[in-house]
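If you read the sequences in order, they're chains A and B.
Numbers 2 to 328, taken from my numbering, label the letters of the first sequence in order.
Numbers 2 to 295, taken from my numbering, label the letters of the second sequence in order.
Since the hints were made in silico from the structure, they are not lab data.
Among the hints, a few may not be true.
Just a few of them, taken from the derived set where beta-carbon distance is under 8 Å, the chain A residues facing chain B [stated by the list, open to error]:
1) G12
2) L15
3) D107
4) Q116
List of simulated lysine to aspartate or glutamate pairs, DMTMM-like, C-alpha gap at most 20 Å [to be verified]:
5) B/K120 - B/E131
6) A/K193 - B/E85
7) A/K55 - A/D159
8) A/K193 - B/D91
9) A/K55 - A/E225
10) A/K193 - A/D107
Glycine included, C-beta positions come from ideal geometry on N, C-alpha and C.
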Amino acid sequence: MIWLAWRQRRGAILATAAVLAAAAAVLFLTGRSMATTFHADGLAACIANLDGAKFVPVSGGCQDEAQAFAARFFPMRLLGLTAFTFVPLVIGVFWGAPAIARELADDTVSLVWTQGVSRRRWAWTQLGCVALVTTSSVGIVAALATWWYGPLNAATGDRFQWLIYDQQGLVPVGYAVFAALLAAFIGAVTAKTVKAMALTILGFVLVRFGIAVYLRPRFMEHLERTYPVVTERAPNRLLGDWLYGGGGPGVGAVFRANGERAMGGQRICPPADTACFADVGRGAYNLELFHPADRFWTFQAIETTIFLAMAIAVAAATVWWIRHRRV
Amino acid sequence: MSVALETTGLAKRYGRTWALRDCTLSVPRGRVAAVVGPNGAGKTTLMRLAVGLRRPTRGSVSVFGQAPRDDAESLARVGFVAQETPLYRDLTVADHLEVGRRLNGDRWDSTSASERLAKLSIPLERRTGELSGGQRAQVSLTMALAKRPDLLVLDEPVASLDPLARRTFLAELMGEVAASELTVLLSSHVIADLEHRCDYLVILSDSRVQVLGDVDDLLASHAVFIGPADGPVPDGVSVVTSQRTDRQRSLTVRMDGPMRSPRWASHPISLEDLVLAYLGAPGAGTLPGPEGST
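Work the whole structure out from these sequences, hints included.
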């Protein structure tokens, strides 16, 4: 049964390998150019010199070098953002949608379902094969993306931010496997590959959006940090903490010394510039809610687990459908 | 008489439409049974129920005494060639044989399958998508036969073939059947193809069994009567169809006993005429057993 599942996909696997090799070459060249610049410009050394400090001098902290680097490779960031965001969905749908739908449409199921294997075994083998090829193809892209983003992560400190977080580490594989098995399920129900693709994209985007926006910030209890408005040291933004301001009162806000909320956002004033803090007072402080940068991999693992669990549930539903509704 | 396929009150509904209703029939072991009927009569549904691709909404189906199940043991006993003889288009003929070998275990007869395809000059290295309709049908039949099934079910296997390919296919099939204990259930639109090849007949009409029985018995008990246009119908016969011209009347009849009527001339009936007579008269029917006609 595994042989059949492999043989059915041999051509597509080779074609995918060729496309991935070409994409990897482009990523490798652009990624290496970023890494070279990152070191040559002294940004790497500057950041290493900060030694992970939580607070850095207001006008220091490698900010100028980092901004220059980020500005220089801004087009690259846009390129990565557009490319990597859609890769897991596209690859997953490509592998998943035809897996069952095409067999139903061509009625090859009436051939294979009357051979000496049960539908249960046939279905699990097909789905396992879909999961495997999806994991390998997206896994390669995700590993490359993680490496490719290294210098950009360091220069922008936004590795934990929406959309950037979603393109590296483990989550792309989770997204892709879920998309693939969702497409296979819809294909098993509709028997139409194109319809399965369209409905999967719709369903996937809703689920992805819901989890990223509503669930991800709540994976763990957030931390709070306060620091004075009148200061010479501000939080190190290159560390990669995930701030989420603007969500409600007190989130990323400035408070007067008596605890009364003065305004949203952040204010940092040098001690000599009295006009800067005249309206809030010398004792005012900033409050931030955030997830520290070192939670990145924990969050990645949690989110990947959620998507893999949903993928397994969808796969079980597919097998059930094939055994009990396609009769 | 041992029974290969038996159904009792078998019914299948898709959504709100009944594809098959109250189908009770049995096909003895070793027979070649033809299933005929107009489009939408339920032939495909009956065949898919017989091989376990579908499950009954009501009633029961049993193959050699067992309901078809979705497991290796049950699936090993049936061979099925679906309408349009589906194969994996991107896989070669040799790949298909390999699939069969891997999925069917010891029962699979690799040698005879290869020999069969070689005899038919079907190129093993060609993708099935590039084969002709006749060759695809032969590959499908080869796959089904190589399983060495006890029951072979063929759903309109020759529908898409030209007359010559159709004849070759059926001749091949009959050769295989003669050499084995195989029971065959075969549906076709082309009734002439079935004559002299099938020895058991099932006519399905409007999702029900209309006629069921041994072909020789059916041919012996039916006849075409030619007689006067205005004369009374002879006693002791049931009229299936009647056609009248100005001068004479032609009846297709089922004879319940010996008939003596000097005014009517009796002629033997061909299988095709018998089938067409019943298909043209959905109200008539003949079934074995105490209830006789319906």
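These are the hints, each one checked on the structure:
Interface restraint check: A/G12 against chain B, minimum CB-CB distance 7 Å, threshold 8 Å, status holds. With 8 Å as the threshold, the beta carbon of A/L15 stays out of range of chain B, its nearest partner Cβ sitting at about 12 Å, so the hint is violated. Checking A/D107 against chain B by beta carbon gives a least distance of about 6 Å; that is within 8 Å, so the hint holds. Look at A/Q116: its Cβ gets to within about 4 Å of chain B, closer than 8 Å, so that hint holds up.
This hinted pair checks out: B/K120 and B/E131 have alpha carbons roughly 19 Å apart, not beyond 20 Å. A C-alpha spacing of about 18 Å is found between A/K193 and B/E85, which places the hinted pair at or below 20 Å, so the restraint holds. Among the hinted pairs, A/K55 with A/D159 is consistent with the structure: their alpha-carbon atoms are about 15 Å apart, no more than 20 Å. At most 20 Å may separate the alpha-carbon atoms for a hinted pair to count; A/K193 and B/D91 meet this at roughly 19 Å.
Proximity of A/K55 to A/E225 is assessed by CA-CA distance (about 13 Å); at most 20 Å being required, the pair is judged to hold. About 10 Å separates the Cα atoms of A/K193 and A/D107, which keeps this hinted pair within 20 Å; it holds.
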